[in-house]
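Colleague: Use these hints to put chain B onto chain A, whose structure you have.
Protein chains in written order, with the UniProt record's numbering: chain A, 1 to 637; chain B, 1 to 556.
These are computed hints drawn from the structure, not numbers from a lab.
Some chain B residues flagged as far from chain A (calculated, every beta-carbon gap over 10 Å):
1. Ala66
2. Ser146
3. Thr199
4. Arg442
Here chain A is said to cover these stretches of chain B; the calculated rule only asks that three of the stretch's residues, wherever they fall, bring their Cβ under 8 Å from a Cβ of chain A:
5. 68-75
6. 268-280
7. 335-347
Ideal Cβ placement from N, Cα and C applies to all residues, glycine included.
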Amino acid sequence: MLSVKHLHLKHALQTVCTLEAVILRSFGPEGGQVLFTRDTGQAMLSCSGTQILKALRLEHPLARMVVECVWKHSAVTGDGSKTFVLLLASILRLIHAAASKAPGVSQWSTEAAEAATARHLADKLLAFAMTELDDLICVSVAPHGFCVSSEDFTTKTQLPSCPNGFCVQALLSSFFHTRLDYVHCDFLSGLACELLGHWKFQNDTLSFALQFLNDNFPALHTQVSGFPVSSSHVIEGQVIHRDFATPCLQVNNQPVKAVVVTEYLQPKLLRRGDMLDLGCGGRVTGEKSIIPFSAWTERSLESVIATLQSLGVSVLLCAVKQSAAALALAAQAEMCLVECVSEEELSLFVRLSGVAPISDCWMIQPENVATLTFCKPIQLGAHRYVHVAFCDSEERVGVKPCSLVICGSGEVQTEQYASAFQDAIRMLFTTWEPTRMTETTALKKPVQSHQCTSLNAHNLTEDTVCRSSDVYVLKPGCVIPAGGTFEFLLHHALLQHGRSCSASNYTNTGVGVSQILADALLTVPRQIYSHNLKSFLQTQTRVTSFTSNQPHHFMLLKNARGTTEDPEKGDEPSKLFTLDSGLESVSCKHQLLLAVLQCLTSLLRVNAVVRTHTALHSASHTHAKMSEESADDETED
Amino acid sequence: MSRLVKKSPSVCTDLPLDNADICNKLRLMRELLGSCYGPTGRLKQIHNNIGGRVVTTSSSSVLLPAIASSEPFVNLIRTSILHHVRRFGDCGLFAAIFCLSLVEQAKQSGLRAKAVIRSNEHLASLCTDYLKQGGCGCKVKLDLCSGRDLVALARSVVSSKPACVLTEPECVHISRLAVRAFLLTVPCDTPGSVSLGQTVRVSVEGLPVTHSAVVPGLLVDTAEDVYLSQPCSLPHPLVLFSASLAGDLSELGDGLIEVHPRVDSDSQVLSQLLELGNQVVRDGVKVFVCQKVIHPVLQLYLTSHGVTVVERLGVTLMEPLIQLTGAQPVATLHSAVQPTAYGQVGGLSVRRFGSKTMLHLQACGESAICTIILCHRNETMLNELKVTCQKAEHVLRLALREPSALRGGGCTETHLAAYVRRQSKSEVPALGRGCSQTEYLRAAEAFCRSLESVARSLEHDGGTSTIDPTHAHRWTRPSDVATERRGVGAGCCGCGSLDGRETWTSAEFPPADLLRDASVQPGVLDSFTAKLNALQVAVETANLALDVRYVIRDVN
Numbered sequence: 001m002l003s004v005k006h007l008h009l010k011h012a013l014q015t016v017c018t019l020e021a022v023i024l025r026s027f028g029p030e031g032g033q034v035l036f037t038r039d040t041g042q043a044m045l046s047c048s049g050t051q052i053l054k055a056l057r058l059e060h061p062l063a064r065m066v067v068e069c070v071w072k073h074s075a076v077t078g079d080g081s082k083t084f085v086l087l088l089a090s091i092l093r094l095i096h097a098a099a100s101k102a103p104g105v106s107q108w109s110t111e112a113a114e115a116a117t118a119r120h121l122a123d124k125l126l127a128f129a130m131t132e133l134d135d136l137i138c139v140s141v142a143p144h145g146f147c148v149s150s151e152d153f154t155t156k157t158q159l160p161s162c163p164n165g166f167c168v169q170a171l172l173s174s175f176f177h178t179r180l181d182y183v184h185c186d187f188l189s190g191l192a193c194e195l196l197g198h199w200k201f202q203n204d205t206l207s208f209a210l211q212f213l214n215d216n217f218p219a220l221h222t223q224v225s226g227f228p229v230s231s232s233h234v235i236e237g238q239v240i241h242r243d244f245a246t247p248c249l250q251v252n253n254q255p256v257k258a259v260v261v262t263e264y265l266q267p268k269l270l271r272r273g274d275m276l277d278l279g280c281g282g283r284v285t286g287e288k289s290i291i292p293f294s295a296w297t298e299r300s301l302e303s304v305i306a307t308l309q310s311l312g313v314s315v316l317l318c319a320v321k322q323s324a325a326a327l328a329l330a331a332q333a334e335m336c337l338v339e340c341v342s343e344e345e346l347s348l349f350v351r352l353s354g355v356a357p358i359s360d361c362w363m364i365q366p367e368n369v370a371t372l373t374f375c376k377p378i379q380l381g382a383h384r385y386v387h388v389a390f391c392d393s394e395e396r397v398g399v400k401p402c403s404l405v406i407c408g409s410g411e412v413q414t415e416q417y418a419s420a421f422q423d424a425i426r427m428l429f430t431t432w433e434p435t436r437m438t439e440t441t442a443l444k445k446p447v448q449s450h451q452c453t454s455l456n457a458h459n460l461t462e463d464t465v466c467r468s469s470d471v472y473v474l475k476p477g478c479v480i481p482a483g484g485t486f487e488f489l490l491h492h493a494l495l496q497h498g499r500s501c502s503a504s505n506y507t508n509t510g511v512g513v514s515q516i517l518a519d520a521l522l523t524v525p526r527q528i529y530s531h532n533l534k535s536f537l538q539t540q541t542r543v544t545s546f547t548s549n550q551p552h553h554f555m556l557l558k559n560a561r562g563t564t565e566d567p568e569k570g571d572e573p574s575k576l577f578t579l580d581s582g583l584e585s586v587s588c589k590h591q592l593l594l595a596v597l598q599c600l601t602s603l604l605r606v607n608a609v610v611r612t613h614t615a616l617h618s619a620s621h622t623h624a625k626m627s628e629e630s631a632d633d634e635t636e637d
Numbered sequence: 001m002s003r004l005v006k007k008s009p010s011v012c013t014d015l016p017l018d019n020a021d022i023c024n025k026l027r028l029m030r031e032l033l034g035s036c037y038g039p040t041g042r043l044k045q046i047h048n049n050i051g052g053r054v055v056t057t058s059s060s061s062v063l064l065p066a067i068a069s070s071e072p073f074v075n076l077i078r079t080s081i082l083h084h085v086r087r088f089g090d091c092g093l094f095a096a097i098f099c100l101s102l103v104e105q106a107k108q109s110g111l112r113a114k115a116v117i118r119s120n121e122h123l124a125s126l127c128t129d130y131l132k133q134g135g136c137g138c139k140v141k142l143d144l145c146s147g148r149d150l151v152a153l154a155r156s157v158v159s160s161k162p163a164c165v166l167t168e169p170e171c172v173h174i175s176r177l178a179v180r181a182f183l184l185t186v187p188c189d190t191p192g193s194v195s196l197g198q199t200v201r202v203s204v205e206g207l208p209v210t211h212s213a214v215v216p217g218l219l220v221d222t223a224e225d226v227y228l229s230q231p232c233s234l235p236h237p238l239v240l241f242s243a244s245l246a247g248d249l250s251e252l253g254d255g256l257i258e259v260h261p262r263v264d265s266d267s268q269v270l271s272q273l274l275e276l277g278n279q280v281v282r283d284g285v286k287v288f289v290c291q292k293v294i295h296p297v298l299q300l301y302l303t304s305h306g307v308t309v310v311e312r313l314g315v316t317l318m319e320p321l322i323q324l325t326g327a328q329p330v331a332t333l334h335s336a337v338q339p340t341a342y343g344q345v346g347g348l349s350v351r352r353f354g355s356k357t358m359l360h361l362q363a364c365g366e367s368a369i370c371t372i373i374l375c376h377r378n379e380t381m382l383n384e385l386k387v388t389c390q391k392a393e394h395v396l397r398l399a400l401r402e403p404s405a406l407r408g409g410g411c412t413e414t415h416l417a418a419y420v421r422r423q424s425k426s427e428v429p430a431l432g433r434g435c436s437q438t439e440y441l442r443a444a445e446a447f448c449r450s451l452e453s454v455a456r457s458l459e460h461d462g463g464t465s466t467i468d469p470t471h472a473h474r475w476t477r478p479s480d481v482a483t484e485r486r487g488v489g490a491g492c493c494g495c496g497s498l499d500g501r502e503t504w505t506s507a508e509f510p511p512a513d514l515l516r517d518a519s520v521q522p523g524v525l526d527s528f529t530a531k532l533n534a535l536q537v538a539v540e541t542a543n544l545a546l547d548v549r550y551v552i553r554d555v556n
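Bound conformation, chain A alone (with noise of 0.2 Å):
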């Protein structure tokens, strides 16, 4: 009944390569993108390594998990997923290589000792990374980069102009160049700076306007089809996407008064369930006909509305469906009304102008009433929404609420533009993440504090500002040139660490793990320059001998010892790396190196499938109330 099928390492290997041959074609400058359809039949287009391996339903079990870990990471980092799959395929590579020519394999089973060479590698390799990776990068690859912080952030969005603005826009343009095609990355980016400056809460970090953004973007954004994308643009307030119910009249620029009401505003006289008994005369609630009934419900429909108007509301956000009633009253009392407003714009809409929502129409309080500088239809698109501004959000929450509208020739392109925003926010908000790192560091601190001086001895000063209580730190917001500078950096690094390991007479596996980790490493930038080996051997020259000739300039101390009051010395590193190639998060590629080593072991782990017979099988058996034969014809296949 079971059949069982035995994996080897090849088996992992052949998968993973051929999820890899997908993924190239559209990694790097050269790359392409994808479109998909949906089961829907909806047309989809993305760049993202996540939703092209998600969207081609693989069978095979490992090339599932694979995917699994490829889109769990992209989940938390919204970067790095082609990247994903390209390391682990060298890794499995590599590994492979070693395995196969391991000494010391016994003839009955050559595949078994590969795989246990092969396991053992992976764990040492996770080991490894969870030890010590985390000091390489802060001492050899982080100091090359250089800090943003989020003040720094928020004058320079404010003022493009300024040196350091193109930081963070160029961070987030070389993230959008792996997800759009070329020639719109530098608008959007521009684009999700201004957006970004808008949202900075004043008394608030960062990373905390970068989750809210995350949490509500769906309700921030508009899209619109049919424009060129340079029509985007941010506006003022937030968009309901909703048309007004009843028609807009008011044209007086005053501030409106609104509410945000959930429930119905004329009162369903009976419940799901509940029964009205008509002509039993006699009884206490008794009553001969309908219409008393019916009358009720208007009238306190009248009241509610009457309430509404002596509170001087001009504006109903509701939502439900409310009755034609409702909006006859609401027109005549000169109120707009919006319908079905979605729940999560009303929470947002809640939120910003920090009143509560009506549930009970009998219960307004002047507490519930917002005050809005306008409310007012607009046209984008096809569409007529609603566009409300806030009074003196400055003051009470902090910020200055605006939303976004992304346009696009059509639905797939604006959709493609949408997804691609809300993980730039995702990788932000990974490369700013404040407390991430302190933890893992304090946690492994007694193991390695004595490994690391020691071996990175000449790659360090004393003066280390990036060490927070003797541990070394990686600052949030620390981002280093793109077009593989990383992978060169701490290729470099833990070879450097491999030699040193082997001189001081470590036990020698380190030496392979560091130098298979090394190797893989150097994939992603060949791949980059694919096109162009002649820049990818000049790129590696130019990282190795910048390391190589100051090796004591670090520009992330600089920087961060300076407490950011001088931004200029964190453009340093950019006019010695050439800016042109972008820059990128080197907390992101941290948190994918050990990504990809947690997926290699579980992946090797694994060394058998069992293919079950499902229960869709057998349910559909006994449905069919099959007798014992058809049971027994079962086992016999």
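Modeller: The following block gives chain B in isolation, referenced to the frame of chain A:
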């Protein structure tokens, strides 16, 4: 749970532009759309496989939804263009032909996709910048004070739709009507921001086109034997109900109502309705309109008291009627109608168009609501005429925002191509790593050829298209067969602002200014806003198509 089926793996197409099948489909689509382009374009008949109605058209807004392909790659291009048409109502075929020939030219040139994309983007911004600047040789300022320019603009739209089957005088008549309807929707004396009114289109089959007309106010479908009260005092008060008056109570909730046999709910509700009718009659209302159904007893009661009743108005006419009369819709049945809810009707008359009897409601004072009655001999042509008028209105509205137009008849395209050729030769921009100078020059040549191929698509009668070196306008030399048929265009350039008597002198750019001579006005004008957007959308879509490396189709 009925049945579970295992998900099957997706179907994957690598490099769709190298796929012969997809290329064939794209070429077919370009030929199909190209043959519809312009005033002499060929018509297409669309009919579905289940015996539906046959539609004859050459308009992109009807064609594009009809030619849905099973190939997602082709659909990607199609929907992009369709979205443009829905937003701007014009230049859809231009965008489609331009986009498809850009893709085709890029493929023929054999350049790297990334290089073509970067060059195309640069060239498109070169074009849009040129079109936006004041001294652009193919832009014409529109004089909104004179009707002549507006009629010319509307006429270009109407005449580019051969499926309407209009003769020359009919074409002029319809263009004039479109402009007249447009002017009626512009409110006269509103300070501050102006909001345009609405044109309601009514179509009547079987009458000649010249019977089409524009009337201010609203025409409402009504019963054959409509009762019209004698005009005693103008204006007539009007009441407008948005709730159903058929005697149902819908707002009670989801619960059950158990009715004792002795209770007659229907008559109770009806008496409530009659009470309402009684009040309305007492208030002196002369016109009673309901969005939904009115109970026949109530109708009878109202007509017997001299009230004109209109039921089943429909939700689309509610807003124009509210604007026209100033009435507020009423939906309460149990309380008296507020005096403020009544509206006013300035004039009330019955008009007959062919088989249709309609009630004509006019506003008391100024109103930006008008109705255009379109007549044509049969349904197919009438449908196309409706689409055409809608487009003309859209184009005129766009012109209000940006009072310029582009020279039509292919002259803008040839002029732009000449400009791009010259610019790309004089200065080659640095496009970064992705694109070398040679690649840029070749991509620019492909871009120009695509623009010219759009202009060439205007000719269907076997004539040859030529470009003059002075103004870079498009000229057609008709083939012998078609000579008699083409009376006007033979001696003029595409847009009609130049005639063949000039001698070509210089080959300089920017070309000689045409606008110095005020008497030379082009006869064919295209909407500026629509064409600019069409250009950008076409280039963006072509770039996207070139960038796609994989097509993954989920076949579940």
